[in-house]
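There are 2 protein chains.
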Amino acid sequence: MFLEFNFASIPHIIFGAGKLNKIYEIIPKFGNNVLFVIGGSSLKKSGKWDEIESRMQKNNISFTSISVYGEPTPRLVDDAVNKFRNHNIDVIVGIGGGSVIDTGKAISAMLPKNDSIKNYLEGVGKKTHDGKKIPYIAVPTTSGTGSEATKNAVITEVGIEGFKKSLRHDNLIPNYAVIDPELVLSCPKSVSASCGMDAFTQLLEAFVSPKANLITDALAMSGMKQMKNAIITVCSEKSTDIHLRSAMAYGSFLSGVVLANAGLGIVHGFASSIGGLFEIPHGVVCGTLLAESTKVNIKRLEQLGTEHKNSLQKYALVGALINGKKCFEDIDIPHHCSILVDMLDNWTKKLNIDRLGQYGITSIDIDNIIEKTSLKNNPVQLKREDLHEILINRI
Amino acid sequence: MFLEFNFASIPHIIFGAGKLNKIYEIIPKFGNNVLFVIGGSSLKKSGKWDEIESRMQKNNISFTSISVYGEPTPRLVDDAVNKFRNHNIDVIVGIGGGSVIDTGKAISAMLPKNDSIKNYLEGVGKKTHDGKKIPYIAVPTTSGTGSEATKNAVITEVGIEGFKKSLRHDNLIPNYAVIDPELVLSCPKSVSASCGMDAFTQLLEAFVSPKANLITDALAMSGMKQMKNAIITVCSEKSTDIHLRSAMAYGSFLSGVVLANAGLGIVHGFASSIGGLFEIPHGVVCGTLLAESTKVNIKRLEQLGTEHKNSLQKYALVGALINGKKCFEDIDIPHHCSILVDMLDNWTKKLNIDRLGQYGITSIDIDNIIEKTSLKNNPVQLKREDLHEILINRI
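Residue numbers (the numbering used here), protein chains in the order written: chain Z, 6 to 400; chain A, 6 to 400.
None of these hints come from the bench; they were simulated from the model. Take the hints with a grain of salt, since some may be wrong.
To be verified - With a cut-off of at most 30 Å between alpha-carbon atoms, the simulated BS3-like pairs for lysine-lysine come out as follows:
#1 Z:LYS233 <-> A:LYS27
#2 A:LYS27 <-> Z:LYS381
#3 Z:LYS137 <-> A:LYS34
#4 A:LYS331 <-> Z:LYS314
#5 A:LYS34 <-> Z:LYS131
#6 Z:LYS24 <-> Z:LYS34
#7 A:LYS27 <-> Z:LYS24
#8 Z:LYS233 <-> A:LYS314
#9 A:LYS137 <-> Z:LYS27
#10 Z:LYS330 <-> A:LYS233
#11 Z:LYS216 <-> A:LYS118
#12 Z:LYS304 <-> A:LYS27
#13 Z:LYS132 <-> A:LYS27
#14 Z:LYS230 <-> A:LYS331
#15 Z:LYS27 <-> A:LYS233
#16 A:LYS331 <-> Z:LYS300
#17 A:LYS233 <-> Z:LYS314
#18 A:LYS24 <-> Z:LYS330
#19 A:LYS34 <-> Z:LYS118
#20 Z:LYS137 <-> A:LYS330
#21 Z:LYS230 <-> A:LYS34
#22 A:LYS24 <-> Z:LYS118
#23 A:LYS330 <-> Z:LYS27
#24 A:LYS233 <-> Z:LYS131
#25 A:LYS132 <-> Z:LYS314
#26 Z:LYS314 <-> A:LYS24
#27 A:LYS132 <-> Z:LYS331
#28 A:LYS137 <-> Z:LYS137
#29 A:LYS330 <-> Z:LYS331
#30 Z:LYS331 <-> A:LYS331
#31 Z:LYS230 <-> A:LYS132
#32 A:LYS331 <-> Z:LYS27
#33 Z:LYS216 <-> A:LYS233
#34 Z:LYS233 <-> A:LYS331
#35 A:LYS132 <-> Z:LYS63
#36 Z:LYS331 <-> A:LYS216
Unchecked claim - Far from chain Z, some chain A residues (derived; all Cβ distances over 10 Å):
#37 HIS17
#38 ASN87
#39 GLY365
This one's a predicted model, so the numbers in the text were calculated from it and none came from an experiment. In this text, a Cβ means the ideal position worked out from N, Cα and C, and glycines have one as well.
Take the sequences, apply the hints, and build the full model.
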């Protein structure tokens with residue numbers, strides 16, 4: 006299976022509790038005029054932002070900052086780029102959840118251009134980005150999207166003509182990813198839960214993708230092995246346990262690495278279409294649809310028979326892994342596939358992941374959603390009725 | 006164990022039979038004035054060099070080339086840099102074994118400097134390289150050093166005052182690694198064998214290194230899993246089997262990734278000291294010392310008891326893997342450690358790896374070798390008598 010593959014570069018990673026401090030060593034490598042892209046209030050509330058400001062002043066580094074709220078829109082990115090285009094920014098540091106990391110990535114890519122980001126979005130604009138950018142350091146404060154490891158920034162415009170599309174180029178992979186699990190400690194349980202489900206979805210979808218290769222397989226299994234021991238405890242009770250938070254941050258980072266190289270499946274097909282139509286957090290769409298989509302995928306694979314045995318084996322392997330099995334020889338495939346679905350169902354319930362209905366989505370919307378949904382790199386071709394089944398069970 | 010780690014960027018990888026052709030798409034991304042660094046005759050004999058020349062001419066890309074023989078010396082690098090400094094080279098492509106890849110890497114790093122490489126070598130010169138370089142594409146034609154994935158170039162000066170030291174900087178990791186197993190098909194069996202043993206040594210030494218982390222562990226295991234099925238067959242009989250050659254090229258590449266991040270142990274400590282004192286291929290030093298060094302490491306770890314259980318467990322895991330075991334639960338540690346040593350001994354014999362004595366090294370040289378040998382990131386502290394035991398058994 007590994008006869009050929011591409012594997013995009015990954016950022017230089019600095020991982021560990023307290024490693025936020027490393028940004029003071031990294032920034033001067035690129036210059037002394039920094040733009041910070043940060044989120045709403047949590048960084049400021051925690052006192053971390055005051056600390057950053059004082060360290061910057063002490064080190065005589067010029068800096069300015071921009072706070073962003075919600076998922077990045079073309080307008081948000083364009084406005085920021087217009088504001089800072091003539092500021093001679095040397096390096097951008099994005100500190101926040103997936104939306105903030107993506108916003109920083111988009112600004113770093115658009116600052117050298119005199120143009121709107123809309124013209125460069127896949128499936129929206131007609132131009133292709135050339136990869137020229139301002140160096141970018143990504144510092145995630147949630148364990149979810151893995152955006153600190155990816156080459157794309159997801160930009161959203163909500164509405165009838167809405168979309169959720171990517172600005173993408175190999176060179177947009179951040180120069181550094183500083184992953185400090187201490188920054189995730191204050192993340193609320195509900196956010197941790199949906200982010201965690203998103204990251205696990207990414208690992209699983211990349212693992213069963215037809216584009217998977219030996220490297221993505223090794224990394225996806227390593228990520229799932231850590232997350233499966235942590236996800237329920239850290240997202241429902243021990244949210245301040247640094248070891249469990251580290252396990253989640255590790256899995257989340259690897260989910261970005263593997264999705265960038267192996268692609269994703271139907272759950273992220275839905276995340277794209279539903280996210281363009283409704284105001285609903287990305288992690289909730291993934292979390293709420295993961296178990297149901299896996300169930301339908303496995304059902305279709307089983308109907309198709311032996312030529313899809315490899316995908317079923319992989320689902321079974323994950324079932325065995327989650328179930329605590331350490332010996333993966335002669336796994337009973339149907340049995341462990343059904344364990345996987347039960348486990349994911351169980352996680353969805355224990356983590357109180359919202360249903361789509363809680364965001365105003367009803368059965369009337371299903372046709373429109375399906376219309377706009379691509380299967381991406383799903384391991385099996387799904388029919389309209391399959392997509393309908395997944396959605397109706399999570400309305 | 007994964008509470009903190011650094012993981013250096015890895016190159017963009019293009020892997021697969023026939024993928025050499027991808028260089029014609031990659032080169033124009035950097036410019037249209039190329040310097041090829043190539044080895045002796047094999048590329049020319051195979052007709053591949055003629056093909057490259059004609060494609061370059063057809064695509065109107067200016068190019069020049071330099072052929073290098075043997076391991077790179079400071080003089081070789083300095084002479085090449087002086088020759089091409091004013092040629093406005095846009096990108097360098099190194100096609101060859103580890104020595105050629107390292108030479109290309111060193112030239113790419115030294116072209117922007119008006120200085121000798123000696124001043125920047127670790128433990129030799131007093132200057133620190135700043136990472137500025139000409140973009141570099143590495144195309145390996147052996148499966149051995151993994152240099153296409155590393156951030157250092159090993160430079161050798163043989164003699165009494167000899168050394169084998171690195172020019173190293175995070176930014177010296179090649180921009181692209183194009184790994185085409187077809188290029189390895191014509192590699193002679195003896196070279197394949199010593200290169201293969203070198204790559205396996207790197208995977209194993211990084212796996213048991215105190216600096217190993219979860220990512221290097223996952224990748225090292227993935228590499229060893231592929232190589233253990235291929236090494237004997239491809240290096241002793243089926244040298245033109247593209248699947249087995251792919252497995253070796255895969256393991257070799259990953260050995261570079263893990264050594265760059267987790268470091269190496271005593272075998273490479275010896276490779277550095279012996280390689281500086283004698284004219285002996287790097288792969289032979291590693292191949293000939295691997296089984297003996299592993300035996301002594303395990304013996305010392307067993308004497309030290311429980312605090313070193315993790316390293317013994319890792320050795321046992323590799324023993325179980327090589328032995329074809331698929332179930333890694335409750336492995337008998339002493340039993341599988343001894344299987345590992347027996348297997349490595351067996352490989353050394355089956356692959357006819359030379360002894361040190363065949364390169365003029367005698368027991369009289371042992372003290373001098375030990376004097377110059379560092380333990381690097383060996384899993385256990387070894388004494389002078391341990392090093393003596395390893396060497397005397399392979400003279």
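Check your understanding: Can you list which hints this structure breaks, lowest number first?
Key -> 1, 7, 11, 12, 15, 18, 20, 21, 22, 23, 24, 25, 27, 31, 32 and 37
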